[in-house]
Amino acid sequence: MEQSWKQAKAAFAAIAVPPVAWLVFFFLVPLAVIWAYSFGENTGPITIDFTGTFANYARAVEPLYLQIFLKSLIVAGITTVLCLIIGFPVALAIAFASPKLKAWLLLLIMLPFWTNLLIRTFALIAVLREQGYVNFALEWLWNNASGFMTLVGLQPLGEYEPLTLLYNNTAVIIGLVYVHLPFMVLPLYSALDRMDRSLMEASLDLGAGHMRTILMVVVPLAAPGIASGILITFIPALGAYLTPDLLGGTDSQMIANVIERQFKRANDWPFGAALSFLLMYLTFIAIAAQAFIQRKSERRG
Amino acid sequence: MAKGKYLTGASRRSLLKQFGAAAIGISFAGGLSACGGSGGGGSTVNFYNWDTYIGPTTLDDFNAATGTSVNMSLFATNDELFARLRAGNPGFDVIVPSNEFVTRMAQAQMIQELDHSLIPNMSNLLPEFQDAAFDPGRRYSMPYTWLVLGIGYRKSAMPAGFVPNSWRYLFDSPQFTQRIAVLSESADLIRLCAKYQGISLNGIPDANLTSIEQMLIRQKQHIKAFHEDDGQDLLASGEIDIVLEYNGDMAQLMSAEGGDQFDFVVPTEGTLINSDCLCIPTGAPNVAGAHAFINYLLDAEAGKKITEEIQYPTPNAAVAALMGADYQNNPVIFPPADIMARSEYGAFEGDDRARLYEEIFTRISAA
Amino acid sequence: MVDEALTSMPKVGRSPREKRDKPGPLDYMRRWPLQVIVGATLVFLYLPLITLMVFSFNDSRRNVVWQGFTTDWYVKAFNNESLLQAFINSLTIAFFCTIFSVILGALAAVMLWRFRFPGKTAIEGSMALPIVVPEICLGVAMLVFFARVMPWPMGLPWPLNLGAITIAHISFAFPFVATVVRARLSSFNRELEEAAKDLGASEWRTFWDVLVPHMQPGLIAGALLAFTLSLDDFVITFFTAGPDTITFPVKVYSMLRFSVTPEVNAASTVLIVVTVILTAVGLQMQNAKPKEKA
Numbered sequence: 005m006e007q008s009w010k011q012a013k014a015a016f017a018a019i020a021v022p023p024v025a026w027l028v029f030f031f032l033v034p035l036a037v038i039w040a041y042s043f044g045e046n047t048g049p050i051t052i053d054f055t056g057t058f059a060n061y062a063r064a065v066e067p068l069y070l071q072i073f074l075k076s077l078i079v080a081g082i083t084t085v086l087c088l089i090i091g092f093p094v095a096l097a098i099a100f101a102s103p104k105l106k107a108w109l110l111l112l113i114m115l116p117f118w119t120n121l122l123i124r125t126f127a128l129i130a131v132l133r134e135q136g137y138v139n140f141a142l143e144w145l146w147n148n149a150s151g152f153m154t155l156v157g158l159q160p161l162g163e164y165e166p167l168t169l170l171y172n173n174t175a176v177i178i179g180l181v182y183v184h185l186p187f188m189v190l191p192l193y194s195a196l197d198r199m200d201r202s203l204m205e206a207s208l209d210l211g212a213g214h215m216r217t218i219l220m221v222v223v224p225l226a227a228p229g230i231a232s233g234i235l236i237t238f239i240p241a242l243g244a245y246l247t248p249d250l251l252g253g254t255d256s257q258m259i260a261n262v263i264e265r266q267f268k269r270a271n272d273w274p275f276g277a278a279l280s281f282l283l284m285y286l287t288f289i290a291i292a293a294q295a296f297i298q299r300k301s302e303r304r305g
Numbered sequence: 068m069a070k071g072k073y074l075t076g077a078s079r080r081s082l083l084k085q086f087g088a089a090a091i092g093i094s095f096a097g098g099l100s101a102c103g104g105s106g107g108g109g110s111t112v113n114f115y116n117w118d119t120y121i122g123p124t125t126l127d128d129f130n131a132a133t134g135t136s137v138n139m140s141l142f143a144t145n146d147e148l149f150a151r152l153r154a155g156n157p158g159f160d161v162i163v164p165s166n167e168f169v170t171r172m173a174q175a176q177m178i179q180e181l182d183h184s185l186i187p188n189m190s191n192l193l194p195e196f197q198d199a200a201f202d203p204g205r206r207y208s209m210p211y212t213w214l215v216l217g218i219g220y221r222k223s224a225m226p227a228g229f230v231p232n233s234w235r236y237l238f239d240s241p242q243f244t245q246r247i248a249v250l251s252e253s254a255d256l257i258r259l260c261a262k263y264q265g266i267s268l269n270g271i272p273d274a275n276l277t278s279i280e281q282m283l284i285r286q287k288q289h290i291k292a293f294h295e296d297d298g299q300d301l302l303a304s305g306e307i308d309i310v311l312e313y314n315g316d317m318a319q320l321m322s323a324e325g326g327d328q329f330d331f332v333v334p335t336e337g338t339l340i341n342s343d344c345l346c347i348p349t350g351a352p353n354v355a356g357a358h359a360f361i362n363y364l365l366d367a368e369a370g371k372k373i374t375e376e377i378q379y380p381t382p383n384a385a386v387a388a389l390m391g392a393d394y395q396n397n398p399v400i401f402p403p404a405d406i407m408a409r410s411e412y413g414a415f416e417g418d419d420r421a422r423l424y425e426e427i428f429t430r431i432s433a434a
Numbered sequence: 608m609v610d611e612a613l614t615s616m617p618k619v620g621r622s623p624r625e626k627r628d629k630p631g632p633l634d635y636m637r638r639w640p641l642q643v644i645v646g647a648t649l650v651f652l653y654l655p656l657i658t659l660m661v662f663s664f665n666d667s668r669r670n671v672v673w674q675g676f677t678t679d680w681y682v683k684a685f686n687n688e689s690l691l692q693a694f695i696n697s698l699t700i701a702f703f704c705t706i707f708s709v710i711l712g713a714l715a716a717v718m719l720w721r722f723r724f725p726g727k728t729a730i731e732g733s734m735a736l737p738i739v740v741p742e743i744c745l746g747v748a749m750l751v752f753f754a755r756v757m758p759w760p761m762g763l764p765w766p767l768n769l770g771a772i773t774i775a776h777i778s779f780a781f782p783f784v785a786t787v788v789r790a791r792l793s794s795f796n797r798e799l800e801e802a803a804k805d806l807g808a809s810e811w812r813t814f815w816d817v818l819v820p821h822m823q824p825g826l827i828a829g830a831l832l833a834f835t836l837s838l839d840d841f842v843i844t845f846f847t848a849g850p851d852t853i854t855f856p857v858k859v860y861s862m863l864r865f866s867v868t869p870e871v872n873a874a875s876t877v878l879i880v881v882t883v884i885l886t887a888v889g890l891q892m893q894n895a896k897p898k899e900k901a
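Taken in order, these protein sequences are the chains called A, B and C. For the first sequence, the residue numbers in my numbering are 5 to 305. For the second sequence, the residue numbers in my numbering are 68 to 434. For the third sequence, the residue numbers in my numbering are 608 to 901.
Hints may be right or wrong, so weigh each one.
[Claimed, not checked] A few chain A residues facing chain C, derived, Cβ under 10 Å:
no.	residue
1	W9
2	A14
3	F31
4	G91
5	P93
6	L96
7	L110
8	M114
9	R124
10	F187
11	M199
12	A231
13	L283
Since the hints were made in silico from the structure, they are not lab data. Even glycine gets a Cβ: it sits at the ideal position worked out from N, Cα and C.
All chains should be modelled from the sequences, with the hints used to inform the complete structure.
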């Protein structure tokens, strides 16, 4: 299926050189400098010596930090699963809508995400906090239910206790899902849109129900899109910093918050670099998994 | 069938062109206005400051008085300031670090010595601010404001006649469980706990550090949130009843509408004093302009306008004289002398110490 | 009439009337479970934003309680020069970033999809790095790069002084575009490409007239993604921005330090409205053009 580059050298050069050159110069080189820092030592407030020491990595794998890594993995995992559960039906609905509706729906889904993240998170706070809209609505329902029960002759419900939806892990997950939903919807939509509908129709004609068709026909066909959607959602969620910072409670620090503090307050760039690189090494596993799925489905397709 | 779904080449291109034209249009319109703004005659001073930490007309007044325009950018924490300047000065002329960071940046040679002859308004300063323990001889900094940390609270949430005048209510008591918020600044938190334990907040012995860590881990279940600097918002919005905050922030909250339901007290054990100072970073492009600007900020009239706006305690005697009695006698802005006597400045104790405090905080957060 | 009723065959399949009422098997949007899901998702997405926009008219400095209607905050925002400048900077950067990211991303996707070459796995892995690297790490890396390795000259005229930030944005945005486009390409039928070549089309024509139209939904999705990423970015921009190149997110974060005054709400509302108009216009153009044969 793939062509060897030798067969079309000029085309290959024209296509490959710009992105690769950019990647190397403006991405890999800066990263390499930081990678070098992770083997360095602080020798004074602003100077760093490259001594080839592993001390930073040794510190980064202490139980304290491993525990934080694990917690971040779990939170990111839950976020991704929730995004998938919500995003897949939405992407499906959009992909199969009429063209005009499709464009509008896509626009509507994308629009919130052009708003600045900080603003959105603060807006989310207005919804989630104790005097926020969710609690207002629930309180109204509660009081009405209470009134109803009095009418019917039952004991009224007690005083309404507002839900604490903010400054805890729940809030962080809600916030992360809120932020990352389009990153899941877009690739899913892209893949579902390009999918061959006749296979689905055939499956339905043969008597399989919708759920079965989706699970056995659509999902495998759209697997690369699903895998890339999961990747694009999970990884940034893992490295999320602002959302746990603004919405989280005393229990909610994630690995990115710790790294941020190393680069800022602790002024410990080598250690921060070591933590970041450890995070990257861990997430390479996720990429490897995605590449595996990709290759498997390509072989099938 | 498939082709019907494609946009044709022409309409796709025109879609992108639409985006492009509109964006360029906006950009150029903005660009021209920007060029007009900053390029125009006279020199410029690049001022890196905290947010809402300047008077409403100060920059324009300075421009009118000297012909030098001021270009102000904002930062949110000392660490941001430090991280920004660490790899080299990207062009700032005047910065506003807190006292500890003055020491730190001076040691790292990130700020340059001031020429006092260019700052005659230095004589306006109160005697205790003419010199500073953290900057002997005021070689590197001029004080802009000073501030203390204390406890802000909602009066209706307190038992009758009760005033939470001890750090215990934040750090060591379940009385206000899940209605407490504290600063997320590791050094401040640990130092205030040291004050609670009755020892100096500089040079805390290791044994105390351990007990402080344990105490905060125990207290964590009662603390709702760590806030960066919006504690007064959390209080105002009803999320919490008691908060660790700066006196200036609480003064602003209390003077706004609905502010009389709140109050502020500095605990009897004493507190941490901070002073935000004006400095000139190394490699500043306009050193002369920077000195002139600092001098202007220490001027009595200019300082008065600033203080009226930001409501922080001023180290400037001339300004204090011009402010009304309301300001001078406000116990929130100027805490009682006996408590001030028990309060101290935090000294910069080296990077290793800062890292140690950070690690303690990470452990507390992860526990 | 009566004759027809007796002599005409009953229509096979669904009559047109029935077809309109009952959704087709794949017409998911017309079935109520999916309508509920999509509707609920939209409410979830929009409720905080509507709140934000409503509060931009709030007559109170603090954003917590509704106290009356006013448009003062809009006046204040428009007169706030630094906010305005930050806003324009963000739009400019996002615009250039989108263009370059789409080009580079599309090229990268085609490169990885079409060719076999030594070091391909390494390049593939590197392309995934911007997605993996924590933003803060990349931000610091960019800071050091533009300070020590390739100093970006100070005091360049606008918009060149935004170059450092733009480069940083492009670097982390184009792999996202590449991923999306690549997912799209994986369903491309190579025979179309070969057919074009057989008919005598040059490499370039094949690329432009056969491959690109197929990629197009991926390109558009990628462009939207790149625009969003750039406009929204805070961490990386913060580290690469200088005193005269403040962007909107960085400005907002500093303003948020004390509290969100409705001024920021007002500015965001304007941003949202501008975006809606731009996109609506674009979509209108799309729908208006008759569909010619590709």
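Inset, instruction - Classify the hint on A:M114 as holds or violated, based on whether any CB of chain C lies nearer than 10 Å to its CB. - result: Since the shortest Cβ distance to chain C is 6 Å, the answer is holds.
Legend entry - Interface hint compliance - A:A14 to chain C, C-beta minimum distance less than 10 Å: 7 Å, holds
Inset, instruction - Please verify that hint: A:F187, Cβ, nearest Cβ of chain C, below 10 Å or not. - result: For A:F187, the interface hint holds, since the closest Cβ of chain C sits about 8 Å away, which is under 10 Å.
Inset, instruction - So, A:P93 near chain C? Judge it on the closest CB pair being under 10 Å. - result: 5 Å, holds
Inset, instruction - Could you check if A:G91 really has its C-beta closer than 10 Å to a C-beta on chain C? - result: With a closest approach of 8 Å, the A:G91 hint holds.
Legend entry - Restraint check, 10 Å cut-off on beta carbons, for A:L96 near chain C: Holds: closest Cβ of chain C sits about 6 Å from A:L96, inside 10 Å.
Legend entry - Restraint check, 10 Å cut-off on beta carbons, for A:W9 near chain C: Holds, about 4 Å.
Legend entry - Proposed interface contact between A:R124 and chain C, which counts if any beta carbon pair is under 10 Å: Holds, about 6 Å.
Legend entry - Evaluation of the interface hint that places A:L283 against chain C, nearest CB under 10 Å: 6 Å, holds
Legend entry - Satisfaction of the A:L110 interface hint, Cβ to chain C closer than 10 Å: 8 Å, holds
Inset, instruction - Report holds or violated for the interface hint on A:A231, using the least CB-CB distance to chain C and a cut-off of 10 Å. - result: Holds, about 8 Å.
Legend entry - Interface hint outcome for A:M199 [beta carbon to chain C under 10 Å]: At 7 Å from the nearest chain C Cβ, A:M199 passes the 10 Å test, so the hint holds.
Checked against the numbered hints above, the structure breaks none of them.
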